[in-house]
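Novice: Chains as they are written, first to last, in numbering that gives the first Met the number 0: chain A, 0 to 450; chain B, 0 to 226.
Among the hints, a few may not be true.
[As the list claims (entries may be wrong)] Computed, partial: chain B to chain A, Cβ under 10 Å:
1) Met0
2) Lys50
3) Ala120
4) Trp123
5) Pro133
6) Val135
7) Val137
8) Arg140
9) Gly141
10) Arg161
11) Leu209
12) Thr215
[Said to hold, decoys possible] Covered stretches of chain B, going by a simulated chain A footprint (3 or more residues, C-beta under 8 Å):
13) 31 to 40
14) 51 to 62
15) 81 to 87
16) 107 to 117
17) 199 to 207
Quick caveat, the hints were computed from the structure, so don't treat them as lab data. Ideal Cβ positions, reconstructed from N, Cα and C, are used throughout, including at glycine.
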Amino acid sequence: MDDAETKLRALPEDARTLLRPLIHTTWRFYLAASLLGAVTLWGIGAYVLQFRHGLGETGLNRPEYWGIYIIDFVFFIGISHAGTLISAILRISKAEWRRAITRSAEFITVLVIGFGAIQPIVDLGRPDRLLNIFAHAHLRSPLLWDVMSICFYLTASTIYLYLPMLPDLAIIRDAEIKAPRFYRFLAAGYRDTPEQRRRLEKVIGVLAIVVIPIAVSVHTVIGWIFAMTLRPMWHSTIFGPYFVVGAIYSGIAALLVAMVILRRVYHLERYFKPVHFDYMGRLLLLFSLLWLYFTFAEYLTAFYGSEPAEMRTFWARISGPFAVPFWLMAFCCFVLPFALMCRKAMRAPTGTLIAGIAVVIGMWLERFNIVVPTSVNPRFDLEPVAHYFPSGVELSILAATFSGFILLYMVATKFFPIISIWEIREGREVSVREVAERVADYLPTESAEAA
Amino acid sequence: MPRWGMVIDLDRCTGCAACEVACKSENNIATVRPDQADMGRAMSWMKVETKIEGDFPDTRLSFAPRPCMQCDNPPCVKVCPVSATYLSPEGIVGQIYPRCIGCRYCANACPYTAKYFNWFAPAWPDSERAHLDPDVSVRPRGVMEKCTFCDHRLQQAKENARAAGRPLRESDFQPACADACPTRAIVFGDLDNPAHRVSTLKNDPRATRLMESLGTEPKVYYLTQKA
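The shape of chain B in the complex, shown without the other chains (with noise of 0.2 Å):
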């Protein structure tokens, strides 16, 4: 059984943000209108957050995209009540948006606060809804929702190997993120599998884990920057 991971290289990151532009066109992400995004409800399952360090002209800006860490002791799936999000046997954090009941406790209890509400009906311009992806439901009005490092694009990869009667491959299946990134800072795969990347820089000395100390066990690594 895979255990889905990723391994984001810091330093490879220029923080332009194609994996949040990605993500949110492929997994039909509402967008969110400006006074409302300004009250801090603007949704962006994989998400750039920036660092800056220091006074003019002595600065440092830093980058991490924030993906869901896929935690392996994943506290939102503890104390949803209705079992709406809940660990799939490879590792990945689901949500049942039909059974979620919008209570938002799942949300409080993520430590890395990856989880966006639905305040209102979800909506999109024009010229987005023209291609919204007819592989990932749509959200309603009310539920919690979350990044899923795109499981539908999983579950074609796996329909694909099987009618090619051969075993599924690295590259068969990335999520949208890791598929943009220009230059290759997001790499994903099966964390248990030798023959993947993801096996190896999860072991790199520069490695680590958000919040390891609170044992939640997450599936993305990051590379912290050598300088």
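Here chain A stands alone, though its shape is the one from the complex (with noise of 0.2 Å):
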């Protein structure tokens, strides 16, 4: 350890902060990781239940036939668009201030994806019989879509989050304050050299543009899953947008929530600075408009077609069963991040972290309001209207999913630096030149005569 300490304080100020976590562990991080932990294998023990006795374990029934795994399945799939796309998006439009936030952006969405992506397997009848969708493939179903869209989305976030690492990998590697033949292997034989870095960046380049129509289409095709059945307020042609909007939009609230817990806990307050609180809560309030414009679309135009079926639907949420749901969804989603992220103050750690906190979980119960009452109000009308209580079991796998990503990510930070360090040191070096350069290259140029 303590020669791991000396290697440490050898290297230059970022890495010193930055790679910091890797060698040290404090027990407050045991204690969290191991409740954790308890509560991750509790899930587990709870799913093992369920596939011993059936989905009768489940709170679900005719014709409630999906619940909380398939809210969770939309969910955390939604959250998954917190880095890949963000953070595609703004290294295409040369937003230097992504260089703090990028890599705990990325590292959200390659863990989620996979937390998401068990859901529905979670949530089969036959879960031995996965294969049969390989083995049976029908293309006609949005299910299918689904499996292809998540699996392109898993693979190149895996490679984005990836490549971009390689050169900090190589600094631990070089560095070898941790398991040398762990980041030997992860490092890849990357050197640094000129000719690597233009390799690199080409790549990385390309990567941006190639995964941002994936992140697209993955949320659009889980839309579609609903929109293309005959279902009331499901059938609904804006599902696919504002299934992508609602899904950037927790990406967004996630990624806050984990940068101000990540700077409290990492002492990064030199990194994640005032001005990316202030940009990314301009961003989350956007993106509150954005879904209040989306949610008032799509409530609007069922209620002045005003079809019985679809007003069964739509009572039920707006002040039926499911009113409360649906208003704290409102407060959750509009009301309390819009009112916190107008104010220039609140676009501080911590108006972000409510507001983030909030978002999270209006997003969460907008999948709620979108898949339960349209469940439990079918078309036909002379079935009774049923009821849906989340069993033991369910809530059990519901906290596990939770817990279990939460440790996962507070794992990878040990492991692998959550901010990335060639990328701030390339700011330093090149970036604020190349900035003045850029900006300068706006202006318009001196005609011959003014010279």
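Assemble the dimeric complex from its two separately framed chains, guided by the hints.
Specialist: The following block contains the structure:
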């Protein structure tokens, strides 16, 4: 340990600060990790119970066929839009303030996709027959489109996380502060020669572009799973884009929460600066308005047409049994974040943390409000209206999904620098000058007479 | 090629639910515990829906037996990721139980809520277990199941007709619900065969289909009540 500490001290300042979490772990980390680990194990136990006895262990019924698992599926895949999309868009638009936040965002993406993607498998009546989706693939099924787009997305965002991390992995390898073989393997012989760097940046540039349509497709297709059915309040053309906007919104919120916590526990105040919270807060503000716009458009269209089948679901949400989750969603997704993010003083760590948590909760509720009220109000009106109370098994798996994701994210920060060291350095060494030149280039050229 | 269909005369239906019971014992439909049934997990491929209008004492009760509508354009078939539910050439929507992965997408896509899920492994009271129908496969836990117009009876009817060297007659193939109906409210046959009663009944002025506007093209017709 002392040896690693000496080696760490020998590193330049950025690397020293950012690699410190890799070799120093506090008791608080272990405490939090064991609590989260216990919850995760509890949830795994709940799944074993469900696996042995059947989906009857849930609170699901007919016609309430989809519940917590599908809500979580939509929600977590939505959160995954935090990373890849935000990071790719900021990279392409040459937003220099991105440098400190891209890595933490990309990690959210890669880890959360896994937790999202297992939800429909947890939801399967016959998980043992999962491979039938390849053996008997029916390409007309939106579920299969989803399998494809999630596979693409997971692959692309894993590469998009890994490649920009290569120079940092090489730094850790050369500093020899931790698990030398592991990092020698991961760094894959990267030496940061000018030629390697040039190629790397070229690949990152291409990936950043490729990843955007893939990310958009993922949540569009998830919206389509619902929209392609004839169910009231699901069968809507707005669902594709509505889901994408909601996904990015929840992603930004989750990223803000992660940034505030990382900043606090790893003392990254010098990296996550007021400007980051200000800009991310503005993004959150923009998306709260977009969310309102989409939600309003969706509900007004249903209300104005007032088709009886649609109206049953509509009123169930507005004033019926789902009024509480509905208005809580409206408060968490719009009222609170909008009121907070309007003010500059609130676009700081505390304000964005509150708004971020509210939006994360609100977006979970939005998924709930999409899935459940429609499910319990079937189009066939002779069927009695169903009810749905999630069972202990479902709630345990829900808790385990959250804790498992947070745990994995925590562990990831112990093995990989959560802020890109080389990109910060590049910012200091190259970008400051480049940006000055770029801005100068934007300005009208002086005419020959003036000179 | 026949196109099997059903016409249900609501004027004749007394709501006795003989069709439900006949279907249940014919098709080995699992018996669900009362607490499970209260949760909405009871299974009934053929279900007599009840509608109560007005307040006591001025009430009006009406019934409508609801099997699978056997749509010609079935929304459940489109969405199945593994083609476990399919439309047969004779127009019967079937379910391949050993292939179904239990995602319940088909159940969500069906506007008639006509599909059922096995939340637990199927169970029967001993009295029922003694006479399960050997011609109908028992569904395992975790798969969807549905009305098949008693497809197994069609297979037998075809074999019998072939053995006797004669074409299939209307009376050869009747599903259990139609057989059991004491008022003959349920009429079954080939919708395209002029010799079968359903082919004329379906053109009756009272004939209608559930949610025709959805374009699912059900092959179950209802003759609406006169009064």
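Novice: Of all the hints numbered above, which does this structure not satisfy? Sort the numbers upward.
Specialist: 1, 4, 5, 6, 7, 10, 14 and 17
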